[in-house]
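*Asks:* Quick mapping for you: the protein sequence lines, in order, are chains A and B. If you use our numbering, the first sequence corresponds to residues 800 to 936, in order. If you use our numbering, the second sequence corresponds to residues 4 to 284, in order.
Rather than coming from a laboratory, the hints here were simulated on the basis of the structure. Careful, some of the hints might be misleading.
Unchecked claim - Taking CB as the label site, the calculated pair distances span:
#, chain 1, residue 1, chain 2, residue 2, range
1, B, D95, A, S864, 25 to 33 Å
2, B, T226, A, T843, 19 to 27 Å
3, A, S859, B, T226, 43 to 51 Å
The model shown is predicted, which means the values in this text are computed figures rather than measured ones. Heads up, the beta-carbon is just placed ideally off N, CA and C, and yes, glycines get one too.
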Amino acid sequence: MLLSARPLVDVSGVNSFQVAEQIRFSQGDATVIYLQLINSALDTAGKGFSPAGRRYIPASGATLSVVLDNIDDDKKITRSATQPYASDGSIWAITVLSTDDIGAGTMSLKLTLTEGATVTRGVALGVVGIVSLTSGC
Amino acid sequence: MADYTDSKARVGAVYPVQAVDQQIWKRLEPLMTAEQLKMRHLFGIPLVSQIRDPLTNKAAVMTDDILKDYIVRAVNDAEIELGISIFPVQYDERMPFEAADFRMQGFLKTENKPISSVDRMAIITADQTNIYQVDPAWISPDHFSKGHIFLLPLSLSLAGNGSVQGSPAQGTVFMSLMAHRSYVASFWSVKLTAGFPEGQIPVIVNELIGVISAMKVLSMLATTYARVQSSSLSIDGTSQSSSGLGPAIFKVRLDELQTQRTLLVGKLRGKFSAKIFSAAF
Numbered sequence: 800m801l802l803s804a805r806p807l808v809d810v811s812g813v814n815s816f817q818v819a820e821q822i823r824f825s826q827g828d829a830t831v832i833y834l835q836l837i838n839s840a841l842d843t844a845g846k847g848f849s850p851a852g853r854r855y856i857p858a859s860g861a862t863l864s865v866v867l868d869n870i871d872d873d874k875k876i877t878r879s880a881t882q883p884y885a886s887d888g889s890i891w892a893i894t895v896l897s898t899d900d901i902g903a904g905t906m907s908l909k910l911t912l913t914e915g916a917t918v919t920r921g922v923a924l925g926v927v928g929i930v931s932l933t934s935g936c
Numbered sequence: 004m005a006d007y008t009d010s011k012a013r014v015g016a017v018y019p020v021q022a023v024d025q026q027i028w029k030r031l032e033p034l035m036t037a038e039q040l041k042m043r044h045l046f047g048i049p050l051v052s053q054i055r056d057p058l059t060n061k062a063a064v065m066t067d068d069i070l071k072d073y074i075v076r077a078v079n080d081a082e083i084e085l086g087i088s089i090f091p092v093q094y095d096e097r098m099p100f101e102a103a104d105f106r107m108q109g110f111l112k113t114e115n116k117p118i119s120s121v122d123r124m125a126i127i128t129a130d131q132t133n134i135y136q137v138d139p140a141w142i143s144p145d146h147f148s149k150g151h152i153f154l155l156p157l158s159l160s161l162a163g164n165g166s167v168q169g170s171p172a173q174g175t176v177f178m179s180l181m182a183h184r185s186y187v188a189s190f191w192s193v194k195l196t197a198g199f200p201e202g203q204i205p206v207i208v209n210e211l212i213g214v215i216s217a218m219k220v221l222s223m224l225a226t227t228y229a230r231v232q233s234s235s236l237s238i239d240g241t242s243q244s245s246s247g248l249g250p251a252i253f254k255v256r257l258d259e260l261q262t263q264r265t266l267l268v269g270k271l272r273g274k275f276s277a278k279i280f281s282a283a284f
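Turn these sequences into a full structure, and let the hints guide you.
*Replies:* Okay, structure coming up:
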């Protein structure tokens, strides 16, 4: 089990969403980031699966903590993800507030999934792209 | 855990170098996506193997997940070719004391660049005891982009703005070393952050990443065109022959990409490094 997540866009239901490479939004915008948990050790790209990774539905009552990673500890954002759809436990959502000081650029997510006594960690590399409004860094 | 409480930040942006304000224009963007790679460098090229799997009779397809893997590897290739960090990394470098450089306002040339911030500059002993910490106010950020650090103003005083971390006796021993030696190995400890903050990548660096990725992709695809280059069929007096480029199908495009890659590497290395630095004193 290699936990990861793929970003979803255009989400309106358990059967209505698009798998994206990266969720992009402008710096300072409030955004809901939808993720689908996957086991990236299964259904790999090398075996011809697209999108790669098998959807993973955690146990009932599981919690997911998501960190928008940044080398500066003051700019790291930790959110407890929620499951917006009870009928599909693999889809989770976190909210980025307009007041969050997370900078602009390419962000990876650190995932911590707790299912009872089992804690599983994973990374979703470069799945969030925040566009600067000034284009300077 | 990176702590930036006492950091000396750069002046202006890492890129455009030292920019303090600008009219909105796209000079920076997040890391290239697979879709952008196809649009910018692989337009119209079918990412499908020309050789079918003999077991399934299906052609392998280069999916976006595979392209993303190529992009990640290309980032690492670009960092090595350019000699810079692209995504932010905090380093702890040990550098020697050289009397000639020290007379040039404490000039230090770091291994890692472009420097985004200097987070600590200190004199640390071999057993990692911090005995003298340079006041961040003394560190000049003017040439951070090229990995150069200067101290302004220069002072050997143990009191005042610098802070003595260990006992005064330890500080005295090291200060006397400076007076009598022209070279002391691993004297300075500089904790710095190098790279483009938050992965906000210059478009031109993304361009290089895309070129490197595209070269890997086309080289891999070209191999699948190797099966038949020419064939001919003749029956009695009638004949037909056909030939193709085979694995050379992408040669022209690969040559163009190589030229572009060489050009971009040269330009970017010139932007973020200095080959020769000299001063008369």
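*Asks:* A separate judgement is required for each hint: does it hold in the structure or not?
*Replies:* For each hint, the structure was consulted:
1. For D95 (chain B) paired with S864 (chain A), a C-beta distance near 29 Å keeps the hint of 25 to 33 Å intact.
2. At about 21 Å, the CB distance of T226 (chain B) to T843 (chain A) agrees with the hint of 19 to 27 Å.
3. At roughly 48 Å, the beta carbons of S859 (chain A) and T226 (chain B) sit within the given window of 43 to 51 Å.
Going through the hint list in order, the structure satisfies each hint without exception.
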